[in-house]
Amino acid sequence: MATSSIDLTPLQRADRWRPAELAFWLLPVAGYFVFPDNLVLLTQIAITALFCLSLDLILGYAGIVSLGHAAFFGVGAYTAGLLASHGWGEPISGLGAAAAVCAVLGFITSLLVLRGADLTRLMVTLGVAMMLFELANKLTFLTGGVDGLQGIEMKPLFGSFGFDMYGKTAYWYAMGVLFLLFWAARKLVHSPFGLSIKGIRLNAARMPALGAPINARLAAIYTIGAAYAGVAGALLAQTTQFVALDVLAFNRSAELLLILVLGGSGSLYGAILGTIVFMSAHHVLSDMNPEYWQFWLGAMMLVIVLFARDGVMGGVRAAARRLGLEGGAR
Amino acid sequence: MTVLFDGIASGMLLFLISVGLSVTLGLMNFVNLAHGAFAMVGGYVCVTLLNKAGVPFLLSLPLAALATALVGVVLERTLYRRLYTANHLDQVLFSISLVFMSMSAMQYFFGAQQQPLNLPDFLKGQINLPGLDMGIYRLFLIAVSLVLAYGLQRMVSGTRFGAQLRASVDNPRAARGVGINVERVFTLTFALGSALAGLGGAMGVEMLGLDPGFPVKYIVYFLIVVAVGGSGSIAGSLVASLILGVVDVAGKYYVPQVGSFVIYAVMVVMLVFRPQGLIGRMTAR
Amino acid sequence: MSTTYALQTRNLVRKFGGFVATNDVSLNVEAGARHALIGPNGAGKTTLINLLTGFLAPTSGQVILKGDDVTGLAQHQRVKRGLARTFQINRLFADLTVLESVVLAVNERLGLGARFFRPIGAHQQAVREAAELLETLKLADVAHERTRNLAYGKQRLIEIALALAAKPQVLLLDEPAAGVPTTESRELFASIAALPRDVTILLIEHDMDLVFRFADQISVLVSGALLTQGTPDQIAHDPKVKEVYLGEAVHG
Chain H
0 MATSSIDLTP LQRADRWRPA ELAFWLLPVA GYFVFPDNLV LLTQIAITAL
50 FCLSLDLILG YAGIVSLGHA AFFGVGAYTA GLLASHGWGE PISGLGAAAA
100 VCAVLGFITS LLVLRGADLT RLMVTLGVAM MLFELANKLT FLTGGVDGLQ
150 GIEMKPLFGS FGFDMYGKTA YWYAMGVLFL LFWAARKLVH SPFGLSIKGI
200 RLNAARMPAL GAPINARLAA IYTIGAAYAG VAGALLAQTT QFVALDVLAF
250 NRSAELLLIL VLGGSGSLYG AILGTIVFMS AHHVLSDMNP EYWQFWLGAM
300 MLVIVLFARD GVMGGVRAAA RRLGLEGGAR
Chain R
0 MTVLFDGIAS GMLLFLISVG LSVTLGLMNF VNLAHGAFAM VGGYVCVTLL
50 NKAGVPFLLS LPLAALATAL VGVVLERTLY RRLYTANHLD QVLFSISLVF
100 MSMSAMQYFF GAQQQPLNLP DFLKGQINLP GLDMGIYRLF LIAVSLVLAY
150 GLQRMVSGTR FGAQLRASVD NPRAARGVGI NVERVFTLTF ALGSALAGLG
200 GAMGVEMLGL DPGFPVKYIV YFLIVVAVGG SGSIAGSLVA SLILGVVDVA
250 GKYYVPQVGS FVIYAVMVVM LVFRPQGLIG RMTAR
Chain E
0 MSTTYALQTR NLVRKFGGFV ATNDVSLNVE AGARHALIGP NGAGKTTLIN
50 LLTGFLAPTS GQVILKGDDV TGLAQHQRVK RGLARTFQIN RLFADLTVLE
100 SVVLAVNERL GLGARFFRPI GAHQQAVREA AELLETLKLA DVAHERTRNL
150 AYGKQRLIEI ALALAAKPQV LLLDEPAAGV PTTESRELFA SIAALPRDVT
200 ILLIEHDMDL VFRFADQISV LVSGALLTQG TPDQIAHDPK VKEVYLGEAV
250 HG
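Residue numbers (numbering that gives the first Met the number 0), protein chains in the order written: chain H, 0 to 329; chain R, 0 to 284; chain E, 0 to 251.
Hints in this document: simulated from the structure, not taken from any laboratory. A few of these clues could be false.
[As the list claims (entries may be wrong)] No farther apart than 35 Å at their CA atoms in a straight line, the calculated lysine-lysine pairs in the DSBU-like style are these: (1) K137/H with K216/R; (2) K241/E with K186/H; (3) K251/R with K137/H.
[Stated by the list, open to error] Chain E stretches covered by chain H per the calculated footprint, using a threshold of three residues with CB under 8 Å from any CB of chain H: (4) 33-41; (5) 107-117; (6) 186-199; (7) 214-226; (8) 235-242.
The beta-carbon is built from N, C-alpha and C at its ideal position, and this holds for glycine as well.
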């Protein structure tokens with residue numbers, strides 16, 4: 000076999016953890032000590048970041064535009080919530096159940112979502128989410144309807160760490176789950192499967208001509224995305240011990256889209272950065288009149304779509320280029 | 000029977016608002032989730048004219064339509080135009096941002112409550128037949144919508160502008176090649192679609208209510224009409240709107256505990272079996 | 000005796016509503032052939048390629064690949080059986096580098112496309128194979144460039160690389176030199192001509208110079224139907240063919 004003159008190291012090193020990444024993942028540790036009174040907020044940021052990560056997998060990487068991703072978040076939340084409110088309060092298995100239910104739901108809906116062009120897909124994802132919202136709204140005996148699901152009691156994590164009102168256990172629990180699932184997603188996107196998913200997004204028509212079964216691949220990534228979103232929802236139910244009806248609302252799906260674009264889709268870190276920026280801003284400006292908040296949110300989205308389409312990650316990459324650093328993990 | 004009548008009225012209203020979305024989607028392949036916001040603007044203009052300026056109802060309606068058309072033209076020329084070639088995700092994000100901005104603006108100026116609307120006396124009341132109660136306002140609504148639907152169809156198939164519109168939908172590049180000013184066709188069509196939405200929003204205050212949440216509450220319905228009827232098809236929008244109106248009203252009357260679930264389920268099923276909609280063509284994207 | 004044919008169609012028909020794009024085409028491509036498909040614009044050549052690859056389903060008729068009826072098989076299944084194509088207009092992965100694109104294609108051939116744990120770089124065989132393919136097509140110097148940043152001629156080579164990555168036994172080329180300046184198209188064709196004889200090539204081309212130098216069999220498609228087939232010499236002297244092209248020159 001002739002040896003090639005091409006330098007293969009960029010490809011072979013593509014999945015190495017960069018120093019910036021390692022530094023980034025020290026933030027959760029730092030957060031515990033720097034913001035001890037804001038652990039609840041930080042936990043919610045982690046949960047939303049995981050939710051946004053799940054959308055990045057199906058949208059940023061696979062190119063599936065979904066207006067109803069909240070469907071899986073909500074189903075995950077209700078699954079874990081119902082388990083816990085009916086006596087099964089063990090946290091990790093609650094997550095597992097939520098992931099499993101959402102994976103099944105994701106797989107079934109993927110069969111619907113794969114048909115048709117963009118608008119059809121949008122409508123189907125939206126329709127499924129709205130159907131579930133109406134179901135949850137009407138099945139009050141099960142979900143608590145508008146009042147929400149209450150009576151969730153969590154057993155201690157690993158049998159020893161109780162969920163206290165200071166939120167310490169919840170904090171490490173959420174951060175731990177986020178990191179583990181992030182690590183797995185990162186492996187996924189750097190694998191041949193991940194590359195083929197990117198290929199589908201970049202040129203879906205070419206992939207079958209290369210021998211790739213695109214429907215099977217898309218169904219797989221959609222199922223994984225659904226499971227991730229389900230875990231995020233389950234975390235919400237377990238850490239707040241409450242499930243509100245709005246976990247399934249259109250606003251949640253729309254807002255998630257905004258967050259992902261704010262951070263920059265297709266990089267995993269964009270999902271997390273976008274969440275941090277968005278939720279911090281929301282927290283700092285929470286005294287602001289909600290009308291102002293929504294207005295400026297809309298205006299900011301407009302500016303991003305028109306002028307800064309790659310979001311925060313786009314800015315980070317541009318800065319890295321200017322400083323002569325290696326391009327960020329993609 | 001009254002249920003059927005009310006459903007038809009509801010459907011015609013939906014048609015009025017949604018037909019503009021159907022045509023712009025079919026024409027410009029632009030996913031405009033902000034379409035409900037145009038209807039909302041028309042509603043607020045009408046209510047303001049009626050309640051604050053004392054303009055008679057029958058005059059407020061066309062004025063509201065006109066105002067909305069103006070807003071549509073301005074937005075089309077400045078913003079929408081930039082995103083015609085963008086992918087659908089960007090268009091979705093863009094239109095959601097417009098929705099947020101319009102909703103919060105309306106709430107700021109008008110408050111979050113429902114807007115009261117006083118119909119003129121001659122539009123109040125009912126005609127009572129055995130087994131069928133026809134609200135006079137609903138009759139009025141159906142009549143106006145039918146006239147507009149007919150006029151729209153005639154315009155699209157019978158006039159020169161209609162021919163230019165159809166050419167631009169079929170093949171923008173070829174249309175430009177034969178000298179059609181496609182950009183102007185887009186702007187005029189967008190204005191027309193916005194005008195109809197504004198009119199629908201104004202006429203719908205009586206039946207659907209009006210508050211700042213209007214665009215989000217009803218956007219799904221408009222999208223269902225377009226997706227099921229097929230984008231770019233006037234006849235398809237009409238049929239889909241009527242079906243949706245009747246199913247929605249009947250559903251809420253006979254099985255209120257199920258609510259809107261049926262609508263969404265029917266839509267999903269329809270889209271699975273006919274991704275291109277009932278009558279519309281499959282867009283090449 | 001269909002086993003000597005790498006690719007065949009039997010009475011292949013494709014209608015779009017009332018319009019007959021492919022009209023009862025029975026084409027035979029011998030194994031190892033350099034077979035060209037020519038015809039005036041709108042004759043349905045790309046449609047035929049689309050039917051052969053499974054991009055389009057026929058209204059009636061069959062597609063036979065290496066003796067097996069593949070009419071019911073999806074595109075990716077036919078690729079697995081050794082059939083690959085290039086597109087008339089490049090269908091590339093704009094944001095991927097050249098090397099990444101070809102690795103993607105090689106992964107699919109090696110059945111690695113579903114592997115989700117180990118990173119791309121760890122699958123040594125695929126990466127090395129992709130690198131070698133780039134060398135063969137003289138794309139080595141742009142291996143780490145984003146596809147969108149390259150000149151059209153280079154992109155056209157990538158288009159071919161993607162098809163070759165599948166190590167096809169039958170290769171369908173849809174106007175490979177289209178849009179490529181003449182100086183570069185010679186190089187392109189040299190790469191194609193250098194392919195081993197156990198790869199059967201069916202090629203659509205408009206450049207008659209290239210066709211007559213490259214092909215050993217030529218089929219002429221007119222208005223969706225096969226007018227005639229023969230060696231370059233036979234075709235060059237066929238009065239029917241001259242009429243088709245001359246007729247076009249008179250009217251066009």
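Next item on the list: List in ascending order the numbers of the hints, as given earlier, that are violated by the structure.
Entry: 2, 4, 6, 7 and 8
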